[in-house]
Amino acid sequence: MARVKAPVEEAEQVVGKAAPRLDAEAKVRGQARYADDLSFPGMLYGKAIRSDRPHARILRLDLSQVAAHPKVACVVTPKDIPGENVVPIIYRDMPLLANGVVRYVGEPIALLAAETREAAVEAAALAQVAYEDLPAVFDPLEATRPGAPQVAVPAAAEGGNVFNHMVIRKGDVERGFAEADVVVAGEYRVGYQEHAYLEPQGVIAVPEDSGITVYGTLQCPFYVQNAVAAVMGFPLAKVRIVQTATGGGFGGKEDVPSHLAAMAAVLAWKAGRPVKLVLPRDEDIATTSKRHPGLVRYRTGAKRDGTLTAVEVEFYYNAGAYQTLSSAVLWRGLIHAAGPYRIPHVKVDGYSVATNTVPCGAFRGFGSPQVIFAHESQMDELARELGMDPLVLRHKNALRVGDETATGQRLTESVGLPEAIGRARELSHWDELQDEVAAFNAQERFRRRGLGASTVMYGVGMGAKAPLLDKAGAYLKLEADGSVTLAVGTTEMGQGAQTVLAQIAAEGLGVPLASVQVAPVDTSRVPDSGPTVASRTTTVQGMAVLDAAEKLRARIVGAAMEMLGCPKVVPGDGRFHDARDPTRSVSLAEIARWMWAHNWDMAASGWAEARPVDWDAKTGLGNAYFVYAYACHIAEVEVDLLTGETRVTRFWAVHDSGKIVNPETARGQVIGGIAQGIGYALMEELPAEGGRILYPTFTAYHIPTAMDMPDEFVVEFVEASYSGGPFGAKGLGEVPLMASHAAVANAISAATGTRLRAYPATPERVLDLIGRGA
Amino acid sequence: MHTTGLAEIVRPRDLAEAVRLAAEGGEPLAGGTDLFVRLRKGVERPPFLVYIGDLPELRRISVGESKVEIGAAATHAEILASPAAARLPILRLALEAIASPAIRAMGTLGGNLANASPAGDGLIPLYLLGARVNLVGPDGERALAVEEFVLGPGKTALRPGEVIRSLDLPFPEGAPRAYFRKVGRRRALIIAIASLGALLWLRDGTIERARLALGSVAPTVVRPREVEQALVGRPLAPDALADLVEALSAATRPISDLRASAGYRRTVAGRLLLDLACTISPGG
Ligand SMILES: Cc1cc2nc3c(=O)[nH]c(=O)nc-3n(C[C@H](O)[C@H](O)[C@H](O)COP(=O)(O)OP(=O)(O)OC[C@H]3O[C@@H](n4cnc5c(N)ncnc54)[C@H](O)[C@@H]3O)c2cc1C
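Heads up: the protein sequence lines correspond to chains E and G, in order. Just so you know, this note's numbering puts 644 at position 644 of the first sequence, and the rest follows in order with no gaps. Throughout, this note's numbering is defined as the position within the second sequence, counted from one, plus 1000.
In silico EDC-like cross-links for lysine to aspartate or glutamate, where the CA-CA straight-line distance does not exceed 20 angstroms:
1. E:Lys270 / E:Glu208
2. E:Lys303 / E:Glu174
3. E:Lys551 / E:Asp601
4. E:Lys303 / E:Asp172
5. G:Lys1041 / E:Glu118
6. E:Lys303 / E:Asp389
7. G:Lys1067 / G:Glu1078
8. G:Lys1041 / E:Glu283
9. E:Lys568 / E:Glu590
10. E:Lys270 / E:Glu115
11. G:Lys1041 / E:Asp282
12. G:Lys1041 / E:Asp52
By construction, these hints were calculated from the structure, which means they are not laboratory data.
All chains should be built: construct the whole structure from the sequences, respecting the hints.
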């Protein structure tokens, strides 16, 4: 596929060029101010008193000793909540504080605020709670059986503990399997993945201006605003949310900050003083959202030549005790279950099930990595059955422009998958690589190498499940000296959004990047811009920035024409030139001064709405997302046959995310996603027993270190331009993680000669595989 | 109930004062990389901490004729940068495997030993070299062999008020080859699931003498002396050692914990012998 040129007349000056992250210097110098760095006069320290039972009725809650602690300033129980006792997310089943019944270990029951952090911890331990234990269930399959304890709040569930059951029915799978020459089937399991953001969850609620302001580490300020207003019974205009420098989110700060901010707000309001609520790491790991554990049953049929005829998928996600984001997570899993392939007959059934465990939520990939592990394992199993090269099999079935997805959506543009697969093949020297690996394996006695590939697609944006949220506002202001202030409603959490949005603004205005300053995100600055999730920021927020920039640029150009007395100007070197005589020019500073002196409107707001989507819940068919991003990853893994230890030795990653606005930050996203995928596939494990996370620490929960990164990695982009994105850009953020783990898993299966069917591939599990493969 | 408050830290002027403070119940604090983790768990509540990390008497590293003497408060990074590490390859291999640069810059060999974890990587060379532990306490000085000093997980022969002053690491005779390998879920910042260290004296590809030390597979580091004996006279090749894999596994007394099962530890500990045979090339 030919590379499409971005739809602008002149060559871009800022977009498409590497630029250092605008937030990098402050972070490297230790000057960035994170939530816990902020302090307000009279500030108290909040703490939640949490359930230590997975399912119980609260018979008595005695907080007299807590309240009597000399350093405790205030105690909050459900009756102190001024508004509603609810954390509104997609459903309204989750109370802010347990309503007589606790449904998971760690569920907040009451709150306190104390003069010091230490006193808050001490006082929380003085709470006396009498429980009557109720039968509990922790496994999603058990929770769906008749007679299982009822965990789900009935109004939020489709039936029993099944929060949601979603389907895709395309064609006729029975016919598809009848037409197949080869059918492979398998069952795949994954456990929790913890976000392990560097900065734990934290907010500070400050009663001010007759309302509440919440400062915090968060991804979705408008979600938080909505939750705080509901709990306080305030109009939205009396609730202001300000994002502090955010040390990582990965989805973990999508819904959780709503809960924390609402707790801090109620405390602050009652105490009449600012309240800081920062979670220590163990509390953060034990009580906040994680990636859903999943069980995926998969069947794939193909013709002898590799043409896919049918897939059938049934999968279960353990949602935890409340809905939070599970319905959306399940939906993304559903839409992504069949992979980036052309398949005439598809049947998918996805279930999210309530259990007495901590609610799971958003995590980079959002319900897709679990099914991707399955579909990419199936592709390799199929390739093996057919005696086909796994890259050839993938390329043969890869979606192309004009094809239909599993939901029957016809792809009309921007499908760079076949090109990505081709490029990954070239970059890795795939054929020679096979020989190298074979030679290594022939020579080594106790080591084996294996190669694994994966291909994925990613629906950019909120999709047809939540189209109302796919919008964004921006505000651009030309200051009187020619510098530019940009305000947006989506957040920087370490992914580089701020820099990329500033690049789009600079490009749109025709000014250098250095003149653009991005304001801290504050809900009072721009309209509800939806959440910072779903790899949508560059695309949707970027279009809003571009919209504002185009409006403001028209005025800048108008001013320049008046100043130069000419009918057309062109930008260059931070100046605007007379198109007929480029030696005549004015600087942006001069234009700004002139506009200011002539009382011109120097600001513009921008708006963007994603392109329409539609989807039918009965058939599961429709235009699920406005566009898709794609990737092909190849991993080489070395397995130690004596110990089962594994090491990712080399890695190739090729992505189609449309136009790449900043090649360096994009590369950073890919490398980070490779690391996170290596962690998911190889080491990250959070055992739980009786609904209790056993070891909520980084001593036990291992994420990859720099030493665990491949010795060599190659990252490249094929840019299949998208006409609905700024300069042709699509989303990237989540895709690298989605692809990487599956390539690693396939490489392990290749090296051991047995199929890895559960994550993580710890040394002990791999040794077991080796034993079975021999 | 756990407390987040930290005990007071006292700074002695010299070693004598440190010993006096320790005798009053103060717990020695060196790099704090083990101690602070334990204090934060709240199970231990020493009345106060005695910071011994910057006492010059405890930081010296001296290379003598027959031995290296390492002050108990020398950090892993300091030891690695010193001539001691160059003279004792087994020490270098083991200390390089500890944690990460940041932890190696804080953690000390004395702390590693006093912590007496069977997973302590720094203990492996001490066992292999037959190190002596020089102690100073209210009743004066004494020295113990490392195997007498470590009594069990977290248990040592330290008497109340006693402080480790230094460690004597004798140079082995001849030029043994050194091997160290630890098994874990990732390649840095990892507590060993199992580890094996070895010194092998070779002649023409045949093992003349061997010392082995296993970590993380018993309440203390283990020297499997029967296997050491059985290695003598064998060629250094996997096939020649295959029948000793079981014997090495049998020398372990592992437990199951969050990191691995006892069965995995036992299997892998034995198999590391084969890795040793492949890693150390008989020549050169
Ligand atoms: C993230 C992390 C990773 C780690 N990884 C590893 C690893 O890979 N391998 C490994 O072996 N260890 C590891 N450790 C453990 C630790 O770093 C080492 O054991 C280190 O050597 C301890 O030294 P320290 O100076 O910090 O001891 P401290 O914490 O200061 O002290 C530990 C104990 O020893 C006592 N003590 C210290 N010095 C003396 C003395 N001179 N006399 C008497 N008692 C004394 C203290 O009172 C205390 O009880 C890790 C720790 C952390 C936090």
